[in-house]
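2 protein chains.
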Amino acid sequence: MPIRTPNDILICFEEEKAKQFIEKVWGLNPTFICVIGNTETAKIPRISAAGKYPELTDYTPAADVELLFYGRCKCIKGVPVTPEGIPTPALITMSAVRVADIPVFVVNAGVKVKPHIPFIEVEGSPGNDIRTGRAVKDSEKIFQRSALLGESFAKISDYLVIGESIPGGTTTALGVLLAMGIDAEGKVSSSMPNNPHDLKLRVVKEGLASTNVDPERLKKDPLVAASAVGDPMMVAFAGLIVGAAKRIPVVMAGGTQMAAVLAIVKGKNSNVLENVVIGTTRWIIDDNTSDLIYLVSQIARVPVLAANLNFSYSKYDGLQMYEKGAVKEGVGAGGATIASILKSKGNITCKTILSDIEKNYERLLSLKH
Amino acid sequence: MPIRTPNDILICFEEEKAKQFIEKVWGLNPTFICVIGNTETAKIPRISAAGKYPELTDYTPAADVELLFYGRCKCIKGVPVTPEGIPTPALITMSAVRVADIPVFVVNAGVKVKPHIPFIEVEGSPGNDIRTGRAVKDSEKIFQRSALLGESFAKISDYLVIGESIPGGTTTALGVLLAMGIDAEGKVSSSMPNNPHDLKLRVVKEGLASTNVDPERLKKDPLVAASAVGDPMMVAFAGLIVGAAKRIPVVMAGGTQMAAVLAIVKGKNSNVLENVVIGTTRWIIDDNTSDLIYLVSQIARVPVLAANLNFSYSKYDGLQMYEKGAVKEGVGAGGATIASILKSKGNITCKTILSDIEKNYERLLSLKH
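Protein chains in written order, with this note's numbering: chain A, 5 to 373; chain B, 5 to 373.
All the pointers check out, no bait thrown in.
Where chains are identical, the list cannot tell them apart; a pair therefore holds if satisfied intra-copy or between any two copies.
Listed below are the simulated PhoX-like cross-link pairs for lysine-lysine, each with C-alpha atoms no more than 20 Å apart in a straight line:
hint, residue 1, residue 2
1, K118, K56
2, K118, K78
3, K145, K78
4, K349, K159
5, K118, K141
6, K270, K223
7, K116, K81
8, K319, K355
9, K28, K349
10, K363, K81
None of these hints come from the bench; they were simulated from the model.
Please model the entire structure based on the sequences and the hints provided.
As structure tokens, this is what we get:
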């Protein structure tokens with residue numbers, strides 16, 4: 005009996021493959037992995053909204069995953085917010101994994117502030133400002149260790165859902181996409197309603213000008229591209245996929261950064277792409293300032309699914325702002341929501357999750373005082 | 005249909021419960037976790053044989069788990085050996101997990117030398133010499149983070165097999181057992197045929213004299229006992245069990261150190277003990293210089309199973325020495341062997357594993373030259 009795609013999951017690219025994926029994992033048990041990292045790129049003024057002000061972005065990845073583990077942050081008070089006070093998408097992920105009892109693991113690809121949780125170490129370092137052209141150290145090591153880790157998780161998981169938290173990540177994604185010859189100008193997303201495309205492009209061009217690597221090498225070797233103008237998160241993320249997707253399906257949970265990860269995966273082992281789908285939010289798909297589908301379609305014909313989350317009628321202004329283009333995605337919010345729906349065979353819906361999010365948000369707001 | 009206990013698994017304590025455990029996990033998929041740590045206690049002359057000389061014991065845990073991941077060590081040449089050149093029990097574990105395709109994860113409870121693999125960080129530190137009476141820092145943090153980790157693994161594993169690598173670990177085990185009021189004098193094992201009981205007791209007594217904690221508190225609070233005269237490995241190990249065994253069975257894979265871990269678990273949450281068994285080697289059971297069963301029987305009526313490994317007719321002297329009381333156990337060798345047999349429903353035997361061990365040992369010996 006074919007499974008009807010739940011209404012709360014939108015299929016946005018490669019419909020047939022997307023449906024096959026849904027049938028394959030229907031009711032199965034995913035493992036959620038969040039890859040965290042920092043890049044100094046996030047501190048370039050007006051580049052990231054993943055923190056109240058640029059210096060606070062150091063804390064955002066750690067705070068995000070603490071929220072997943074404890075239902076509250078430990079390394080900061082309250083929760084990560086944008087300069088306008090809009091809360092982190094980790095709120096969505098937290099509710100999604102909790103209502104569906106999905107286990108969470110965290111991989112430290114290179115953070116400045118370590119989370120107060122058990123985390124997996126691949127011994128990466130925080131990324132440099134990509135304008136240096138030397139963004140990531142030890143990318144080969146990060147990639148290989150993450151691939152080993154992916155192999156291990158593949159032995160004990162029906163499928164993986166991998167998300168990320170790295171402020172400034174869309175700029176580094178743009179860096180790697182352009183370095184690899186993909187038409188990405190004006191196509192990556194932003195956590196701000198006003199996407200600073202010009203600024204991002206200027207930063208990336210400066211990085212590409214600084215690196216002394218031959219452009220043809222940048223195009224051909226994705227780890228060279230990531231080392232020059234990427235970030236440690238995407239290297240670990242790609243390693244996990246290459247290790248795991250040989251054996252089990254993997255949901256890449258994120259927005260336009262997933263295009264950069266996908267390009268790295270394709271360059272390292274294109275065979276695994278048949279086991280890969282992208283899971284994102286409707287806010288990314290509806291975003292007029294970016295184009296995930298166009299980016300993906302240039303790289304590989306992997307399905308794109310989106311969680312049909314709708315915060316229009318939320319009681320909370322902070323959540324309603326998601327409908328106005330703030331935040332949009334992050335910490336695997338969309339993919340975790342999709343996995344939660346699929347694991348529960350559709351019993352959990354976006355509405356269930358929103359109601360849990362509002363409960364948690366209320367509790368967290370009250371903690372602040 | 006009741007399952008016949010395979011000949012290669014000896015039941016040494018609590019036969020009925022042991023048989024129930026075997027029936028419960030028959031053919032299921034375990035996850036192997038190795039907890040690594042260091043303690044300065046290992047550098048007291050003549051206390052540990054887990055390294056060619058005392059200073060090299062810093063490298064042993066890292067080298068052991070590298071062997072599990074890569075089939076060879078990275079942080080040292082060759083493999084960890086005793087001063088007599090007898091190879092690490094990680095050789096056994098490596099073969100057991102490989103022939104049965106059992107996934108391996110490593111938890112760093114506090115090592116001096118980090119392994120070149122992906123590992124899970126609970127942010128412990130290497131242990132001090134227990135003669136200081138201040139052996140372990142942050143034991144509450146190590147315990148809580150490991151418990152969270154155990155909960156996560158319990159969601160994606162049918163059962164866990166947890167092993168350890170920490171040179172000097174039987175002395176710290178003696179410390180915690182005596183601190184907690186268990187009759188353990190002359191009962192803990194050793195990696196040497198001549199078990200230096202007097203030396204170990206002297207070291208522990210010095211530690212207990214140095215600590216300024218009230219003896220009644222040491223008895224009642226296992227983390228206080230471990231902080232005074234234990235090691236970081238046992239704290240993380242106990243945390244993993246307390247987190248996981250609420251939900252799934254756990255095999256404590258080790259020798260007499262497991263008695264100390266068991267005492268900590270009992271003191272933190274005795275309810276989980278019904279989901280716990282000890283898996284060791286015949287060499288521990290046959291050891292005249294120690295008494296695992298007597299130790300365990302004082303703490304909890306948990307089953308003890310032993311892998312009936314026999315190296316008498318091995319082609320290699322280094323392996324034959326196991327029959328003369330060298331090494332005996334470590335890196336979860338016994339428990340991993342049992343899990344390998346159980347996962348394969350008896351298709352894998354101790355003989356299969358020995359033949360793989362000999363192949364690997366031969367390859368590793370040839371690498372050295």
